[in-house]
Amino acid sequence: MEIFLILVSSILVNNFVLSRFLGICPFLGVSKKVETAVGMGMAVTFVMTLASMITYFVQYYVLEPLGIQFLQTIAFILVIASLVQFVEMVIQKMSPTLYQALGVFLPLITTNCAVLGVAIINIDSNYNLIQTIVNGMGAAIGFTLAIVLFAGIRERLELADVPESFKGFPIALITASLMAIAFLGFTGLV
Amino acid sequence: MSLILNSVISLGAMGLLFGSGLAYASKKFAVEVDPRVEAINEALPGANCGGCGYPGCGGLSNAIVAGEAPVNGCPVGGAETTAKIAEIMGQTAQEGEKTVAKVICNGTCNNAKEKSEYYGINDCRAAALVSGGSKSCQYGCLGLGTCVNVCQFGAITIKDGIANIDKDKCVSCGKCLEVCPKSVIDWVPYSQEVVVECNSEEFGKDVKSKCAVGCIGCGMCAKACPFGAITMEGKLAKIDYTKCTQCMVCTAKCPTKAISGELSKRKKAVIEEDKCVGCTICAKKCPVEAIEGELKQKHSVIEDKCIGCGECAKKCPKDAIKMK
Ligand code: SF4
Ligand code: SF4
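Line by line, the protein sequences are chains C and Z.
Take the UniProt record's numbering: the last position of the first sequence gets the number 190, and nothing is skipped along the way.
Take the UniProt record's numbering: the last position of the second sequence gets the number 324, and nothing is skipped along the way.
Because the hints were derived from the structure by calculation, they are not lab data.
Idealized CB from N, CA, C, for every residue including glycine.
Where hints are given, some of them may not hold.
[Said to hold, decoys possible] Within a straight-line C-alpha distance of at most 25 Å, the following computed SDA-like cross-link-like pairs (lysine to any residue) qualify:
#, chain 1, residue 1, chain 2, residue 2
1, Z, Lys253, Z, Glu201
2, Z, Lys28, C, Phe86
3, Z, Lys27, C, Gly29
4, Z, Lys28, C, Lys167
5, C, Lys167, Z, Gly56
6, C, Lys93, Z, Glu201
7, C, Lys93, Z, Gly19
8, Z, Lys27, C, Ile91
9, C, Lys93, Z, Lys253
[What the hints assert, rightly or not] Listed next, the stretches of chain Z that the computed footprint assigns to chain C, with coverage defined by at least 3 CB atoms under 8 Å from CB atoms of chain C:
#, stretch
10, 2-13
11, 209-215
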């Protein structure tokens, strides 16, 4: 039950993009087409889940026993950066088109605050391994949900009659904020 | 001390671990890249300006290798780059004529009237928001130089209240076209001298009251053009550059001088006597009957009548006609 709660909370209530405002750059950058948004979401999901898991081990089996928790940030970044590199290689091999579409945003996951954020939040909330993984996955699903929904809306916005001065990013930002308000409605769910 | 040691060792060990993992993965997941892509990437200027229509130089080099883009796809690199890429691809360069950006407005301070004075930030986009800018003609160049600032190649200057583009410096990146709030910049082939320099969609009377050199949509040029290169689109004349021979008949006819072109610089046909065999083909092709001569006799051009359209030179089977 608790695990279910964590999942719901990280997907909807504490949605990383729309209520914690982490990972905004890929959210705005790779959301022009639903297809690439899905790809990005999957890449982030993979990185986030794995990163949650590995950082858990790093925290409790390396940093804490040695009493060097202050190295948390740098150690986590090391983990995430390596993972992203790995994902990049895999995607380039498996799906060159997706690789093309994600372009510069793929290496940018390295510095994606959402990934580092989820790792640190896991530790701060004293989750155990299972909870950590669930929370990481939930956060990633939440991210994917947000970015795919957003991409869907933006695809329609392309066709809509938007006033000249709102075209492009202005209207995208307004849409994003409206989505954030909508997600506010989930507060109190858990 | 042990704290420092611990930190160094643990982070070092982690780095080593991940590093070797990645090294292994990079072998395992190695993607074969066409060496030509690399080579073309080297040859491209690396400006990543996007003028070619691809996200960056990398995108173009991929497209060239895949055969989706021509070897002269890069507008910035010029002939040298094209030659290099062509060599890599094993082709000879197919150098097309470059198209450059041109300001399609001649509403200089003297020609166009102002309707108000604008005191605001020096930016055409801002000025355009204030009831369309200070020019009484709402289609004209505002001359505040937003395009000047955006051009990375120093090709644009403001002269006499309107923008001017130096076509030799223009690399056809298209940044100015995007940024101009009045859309008065358009693509024109490099050698095209004859251009309708007006955008106004208004009625002739209104155009006239606002600008001395606007196109009033009278259609005289369309009627005058011997090659059918001009059509009237709404109240504006449009030249089909592929049909235009730059004879400048329209320039001479236009009552408001809205069509550019310098009549004094117009070329004339010259027949090289020793090559001419008197076939009369040129005389038949000339739209203004500027060539005289009997069959099997040397022909000659009546200079005053020749409009320099080059039709005769194109058709002469002996290659005896030069445009000078
Ligand atoms: S911005 Fe400059 S270089 Fe680019 S198209 Fe315009 S004039 Fe040419
Ligand atoms: S220059 Fe000559 S050919 Fe070209 S549009 Fe004018 S009249 Fe026609």
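Notebook entry, point to check: Which hints from the list above does the structure break, by number from lowest to highest?
Noted result: 3, 4, 6, 9, 11
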